[in-house]
Amino acid sequence: MAHGQVAKPGATSSIRQVRRRAGLVLAGLVLAALAAFAWSLSAGSLPVTFDDLSTALSGGEGSMEVDIIRSLRLPRAVAAFACGGLLALAGALMQVLLRNPLADPYVLGISGGAAVGALGAILAGAASGWIDAGAFIGALGATLLVFGLAHGDGSWTQTRLLLTGVIVAAGCGAAVALMLSLAPEGRVKGMLFWLMGDASGATRPWPALALLVVGLLLAMPFARELNLLARGEVTARSLGVRVGRLRGLVYGLGSLLTAIAVTTVGSVGFVGLIVPHLVRLLIGNDQRLLLPAATLAGGVLLCAADTAARTVVAPIQLPVGVLTALIGVPVFLFLLARHPR
Amino acid sequence: MKMDARPPVLAADRLTVEVGRRDVCRALDFTVQPGDTLVILGRNGAGKTTLLHTLAGLRDMARGAVLLSGQPYAAWPRGHEACLRGLLAQSQPDFFSATVLETALVGRHPYLGRWDWEGPEDEAIALAALATMGLESFAERQVPTLSGGERQRLAIAALLVQQPRLYLLDEPLAHLDLHHEITVLDHFRDLAASGAGVVMVLHDINLAARYASHVLLLDGEGGHVIGPAAEVLTAERLSAAFGHPLRAVVDGNSTLFVPV
Chain Y
7 MAHGQVAKPG ATSSIRQVRR RAGLVLAGLV LAALAAFAWS LSAGSLPVTF
57 DDLSTALSGG EGSMEVDIIR SLRLPRAVAA FACGGLLALA GALMQVLLRN
107 PLADPYVLGI SGGAAVGALG AILAGAASGW IDAGAFIGAL GATLLVFGLA
157 HGDGSWTQTR LLLTGVIVAA GCGAAVALML SLAPEGRVKG MLFWLMGDAS
207 GATRPWPALA LLVVGLLLAM PFARELNLLA RGEVTARSLG VRVGRLRGLV
257 YGLGSLLTAI AVTTVGSVGF VGLIVPHLVR LLIGNDQRLL LPAATLAGGV
307 LLCAADTAAR TVVAPIQLPV GVLTALIGVP VFLFLLARHP R
Chain R
947 MKMDARPPVL AADRLTVEVG RRDVCRALDF TVQPGDTLVI LGRNGAGKTT
997 LLHTLAGLRD MARGAVLLSG QPYAAWPRGH EACLRGLLAQ SQPDFFSATV
1047 LETALVGRHP YLGRWDWEGP EDEAIALAAL ATMGLESFAE RQVPTLSGGE
1097 RQRLAIAALL VQQPRLYLLD EPLAHLDLHH EITVLDHFRD LAASGAGVVM
1147 VLHDINLAAR YASHVLLLDG EGGHVIGPAA EVLTAERLSA AFGHPLRAVV
1197 DGNSTLFVPV
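Chains as they are written, first to last, in this note's numbering: chain Y, 7 to 347; chain R, 947 to 1206.
Just so you know, not all the hints are guaranteed correct.
Chain R is faced by these chain Y residues, among others (derived, beta-carbon under 10 Å) [stated by the list, open to error]:
| hint | residue |
| --- | --- |
| 1 | Asn233 |
| 2 | Ala236 |
| 3 | Asn291 |
For the record, the hints were derived by calculation from the structure and aren't laboratory data. Since the model is a prediction, treat every value here as computed from it, not as a measurement. Backbone N, C-alpha and C fix where the C-beta goes; we use that ideal spot for every residue, glycine too.
Please build the complete structure, drawing on both the sequences and the hints.
Rendered as structure tokens:
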């Protein structure tokens, strides 16, 4: 074999270099998460002091400031962080599952199904708990529908799954448009806010945060197998990966994470699409590093975007989904333009 | 079946493989012993890849059995089969970027536990395989920046990193230049000489004649001829299998097959 010298010493440490860099990125993201929380808890029409923050977080009794932090800002910050993390994690999983960089958590029709359920509940004049329930049932319904249709013959091709998802999403879009046009004037605004994504009504953020932790812990043991799946089914199977089981797990987990996220904050766009790509640019495509980093980055992004959404033009509150899309569209177009193929 | 101290690397027992309603092969019997190189030849669409995937345990067969080191795939502990046989698949597009070293390290997957990370030994194995394929200076490069032939050599390097006993190669020479064709085939001949078994799909009949110990010729209609390379490779049989007349040209000790 024609080869002159062995690899240079610099090359031998390359995986360690990659991991050190990833460690720095992860540490940076943890700091960014703390900063985003601090900003989210302290920003708003009512200025608060550091003492108020520490009192609120340590559970002590206190002033109106402490009360506002604990009952309004904290649940909202937690909800935004958790859902940003859920969407980014689900997006990273879907991109591997479908081997498609353009995949996002909604590509299989989950947000469409959730929107039909939630808007149906709003249209019927249901209480907020029922809106959440409608969104969750709609999301799971769409998931099962796409899964059932795409697996009708027992085979699994990414193209068929994608096409089925797109078609189901289009059908849901039509149903949403129909409901919007039939809805009485007073309910349209609430419906639009739900569609654009909005964390202001998120009073029960803890299930989302718990699922975020559980979901990440469930996905991590399979992260190296996901690396192989991203390289193609034949490669993965020839290296001993149980591809069918892994795909089922990723599909189910990704769908559940997305369903909880849209139930909590509505269909916030672009977090699930661009965050995994941004993180890939920073640390590469090793899922063992990408999944936790994308989860943290998604949480930071949505927490910060939600804080901006309620403060930049205060007292008006913008739907956070509009902000993430306004940031997301140019960033994504930039990424697409420099994508190697 | 005769039970040796060490079972054959691979055995097919009355193997029938189907694609849709069409037979790829019927009642195929063979064994691959350590040191053997079996080359599969046949026209486009004859089912060479399907057969190779069946031999790799990735696909169900219609009838018969495939034995890897003496046992059916299902009898091996889950994941252990990947330490025994490696498959070089036809190249697939990459949708996500990765470095050359990361791609080569993929071959260590069967040896790592669920929570393990690749260590210095794994990296050394990967770098050695990259050097074997002449890619040692490419370790840090992103795969999408490589040429087609360089990617093919990288895929072969990742297979070498896997260090199996049985190598199943689907068109290993795709995109390679003449020099790398020969160095790749020489390397697999050396691996066979040191006790591995090699099964490969080739399109170049003359390279098959030069490197194969045995040849399996598929006729595309379910029939096959299998045997020692010198017996199977005749102008008459090749002409029939490929549907194109060939002529044998004797050059010293070797026979070359030339399309008419």
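Residue hint asparagine 233 of chain Y, partner chain R, criterion CB-CB below 10 Å: 7 Å, holds
Cut-off 10 Å, beta-carbon criterion: hint that alanine 236 of chain Y touches chain R: Cβ of alanine 236 of chain Y sits 6 Å from chain R, so the hint holds.
Satisfaction of the asparagine 291 of chain Y interface hint, Cβ to chain R closer than 10 Å: Where the cut-off is 10 Å and the nearest Cβ of chain R is about 5 Å from asparagine 291 of chain Y, the hint holds.
Every hint, counting from the list given before, is met by this structure.
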